[in-house]
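Asker: Below, each chain spelled out in residue letters.
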Amino acid sequence: MADTLELEIVTPEKIVVKDVADEVQIPGKSGYLGVLPGHAPLITELGVGEITYRNSSGTQHLAVAWGFAEVLPEKVTILAETAERASDIDTNRAQQAKQKAEQKLKNGGPDLDYFSTEAALQRAETRLQVANKAR
Amino acid sequence: MPSILDIRRRIRSVTNTRQITKAMKMVSAAKLRRAQERALAARPYAQMLTNVLKSLVSRTDIYDPQTGEPLHPLLVRRPENNVLLIVITGDKGLAGAFNTNILKAASRFLESKQGKNIEIEAIGRKGRDFLRRRYGSAAPRTADDKSPVRTTIVGEKVGVLNKVEYSVASELAERLIERYSKSEIDSVYLVYNEFKSVIAQRLVVERLLPIEHVGETDVAQAEEMSLEEKQQAIDAAKGSGVKLRPADTHEVDEAAAKFATAPVDYIYEQPAAELFRGLLPKYVSVQIFHGMMESVAAEHAARMTAMDAATSNATDMIDSLTLVMNRARQAKITKEIIEIVSGAAAAS
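Protein chains in written order, with this note's numbering: chain A, 40 to 174; chain B, 422 to 769.
Take the hints with a grain of salt, since some may be wrong.
[As the list claims (entries may be wrong)] Using 20 Å as the maximum straight-line C-alpha spacing, the simulated PhoX-like pairs for lysine-lysine come out as follows:
no., chain 1, residue 1, chain 2, residue 2
1, A, K57, B, K679
2, A, K53, B, K679
3, A, K114, B, K651
[As the list claims (entries may be wrong)] Far from chain B, some chain A residues (derived; all Cβ distances over 12 Å):
no., residue
4, D42
5, E47
6, K53
7, S69
8, L75
9, T83
10, R93
11, G97
12, H100
13, L111
14, E120
15, T121
Keep in mind the hints are simulated off the structure, nothing from the lab.
Idealized CB from N, CA, C, for every residue including glycine.
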């Protein structure tokens with residue numbers, strides 16, 4: 040059995056990550072999963088959250104919003120709407136998005152789309168969280 | 422007859438024009454190459470998504486076993502009363518007949534849907550300007566709107582084609598899906614210039630909603646390039662580093678085909694039906710995104726061809742002007758010699 044995993048993260052625009060990993064953590068819709076080499080085949084939808092993978096060159100973090108993952112004993116493939124490496128995240132923008140969403144939730148009103156605003160808030164928070172880890 | 426000086430001036434001006442068209446051709450060729458690379462980079466996601474959906478279709482009931490009704494709102498077919506058409510054109514002109522052809526195809530499609538409520542989403546400035554002049558814009562209609570039949574522009578995106586971003590497509594798709602689910606619209610079509618390679622292009626009208634078969638494009642109307650257009654494109658592609666054949670996607674497709682379809686028993690964290698529901702809307706966004714990217718590539722290719730033709734026309738013009746100029750100069754010299762000779766003859 041192989042002792043590493045092949046990891047591929049694909050977004051609509053390009054392949055973001057094609058790497059080898061010792062361990063991958065993915066934000067499944069029903070909770071985070073840790074994947075080690077030899078994991079049973081699994082298919083899951085991803086929620087908003089953070090993908091973490093570790094290999095010989097260190098630990099990497101990515102922020103994802105909605106995705107779909109296939110886990111095989113030797114390979115993890117992730118389809119994600121957006122996947123940003125910690126270093127590529129624009130913290131100012133995320134901060135602004137967070138404030139805007141918070142403001143909207145606070146003001147309420149009949150026009151408020153609670154779910155999408157809440158999701159936007161969550162995305163912004165995840166981004167900030169991931170970006171902070173890069174430092 | 423114009424003087425030699427006048428002709429020389431014209432030649433200079435045409436030479437300048439030729440320089441510009443030549444530069445524009447080179448720029449378009451470079452942009453086309455980049456657009457093709459981007460389209461290639463986007464392929465794995467689209468392929469994987471399609472494959473997963475296809476395999477999920479076989480694992481879930483998408484139709485209610487008792488009533489035969491589709492279980493997903495995007496699969497529901499309704500009588501077509503309210504049609505939405507997405508028109509993708511370019512933001513800029515000087516691309517030959519590129520924009521005109523798309524708008525012609527769009528008009529023809531609209532004629533075939535006469536008597537129905539038609540709403541248009543315009544992507545690209547050229548299309549928007551034309552359609553706005555013709556139909557005018559208005560707010561989208563709601564489900565209980567009973568106003569008479571009309572054609573209106575309900576949305577426009579301008580300046581998004583310079584750098585095609587997925588978020589633009591997904592935002593548009595989300596809006597369409599929501600309205601489709603509420604029965605505000607009964608079908609969605611997309612008209613754009615399909616681009617496989619410089620010589621394999623088609624003007625197509627594709628139906629996005631309702632989805633009939635996942636993984637198959639539902640083409641409602643298509644138009645191939647003419648032979649003459651192909652020849653021009655071949656000429657233009659020569660020496661500009663643009664390949665005539667479509668890029669080899671075999672390897673990518675093969676790898677993508679393996680996604681989530683390995684012959685093993687997967688653990689499904691969510692029921693297959695739920696996964697299907699989550700993935701299907703993405704399929705719509707991917708199709709729009711794909712259309713936008715192909716259209717951009719086609720636009721650059723069209724501009725490259727147009728500018729190549731302009732360059733060679735300018736060369737022809739310079740040649741013929743040079744000929745006229747030489748003739749004029751010769752005539753002048755001859756005249757002068759005659760004057761000298763007859764002057765000398767008179768003096769002796």
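Asker: Look at each hint and say if it fits the structure.
Answerer: How the hints compare with the structure:
A threshold of 20 Å between alpha carbons decides the hint, and for K57 of chain A with K679 of chain B the separation of about 16 Å falls inside it, so the pair holds. About 18 Å separates the Cα atoms of K53 of chain A and K679 of chain B, which keeps this hinted pair within 20 Å; it holds. Using a Cα cut-off of 20 Å, the hinted pair K114 of chain A and K651 of chain B is violated, with the two alpha carbons roughly 44 Å apart. Residue placement check: D42 of chain A keeps its beta carbon more than 12 Å from all beta carbons of chain B (closest about 20 Å).
For E47 of chain A, the shortest C-beta to C-beta distance to chain B comes to about 9 Å, within the 12 Å cut-off, and the non-interface label is violated. Not every C-beta of chain B lies more than 12 Å from that of K53 of chain A, the closest at about 4 Å, which undercuts listing it as non-interface. Not every CB of chain B is more than 12 Å from the CB of S69 of chain A (nearest about 6 Å), against its label as outside the interface. Every beta carbon of chain B lies more than 12 Å from that of L75 of chain A, the smallest distance being close to 15 Å; the non-interface claim holds.
Listed as a non-interface residue, T83 of chain A fails to keep its Cβ farther than 12 Å from every Cβ of chain B; the least gap is roughly 4 Å. Every Cβ of chain B is farther than 12 Å from the Cβ of R93 of chain A; the closest lies at roughly 22 Å, confirming the non-interface assignment. The claim that G97 of chain A is not at the interface with chain B holds, since no C-beta of that chain comes within 12 Å of its own (minimum 26 Å). H100 of chain A, annotated as away from the interface, keeps every beta carbon of chain B farther than 12 Å; the closest lies near 21 Å.
Not every CB of chain B is more than 12 Å from the CB of L111 of chain A (nearest about 6 Å), against its label as outside the interface. Its closest Cβ contact with chain B, about 7 Å, brings E120 of chain A to no more than 12 Å, contrary to its assignment away from the interface. At roughly 8 Å, the least C-beta separation between T121 of chain A and chain B is not larger than 12 Å, which violates its mark as non-interface.
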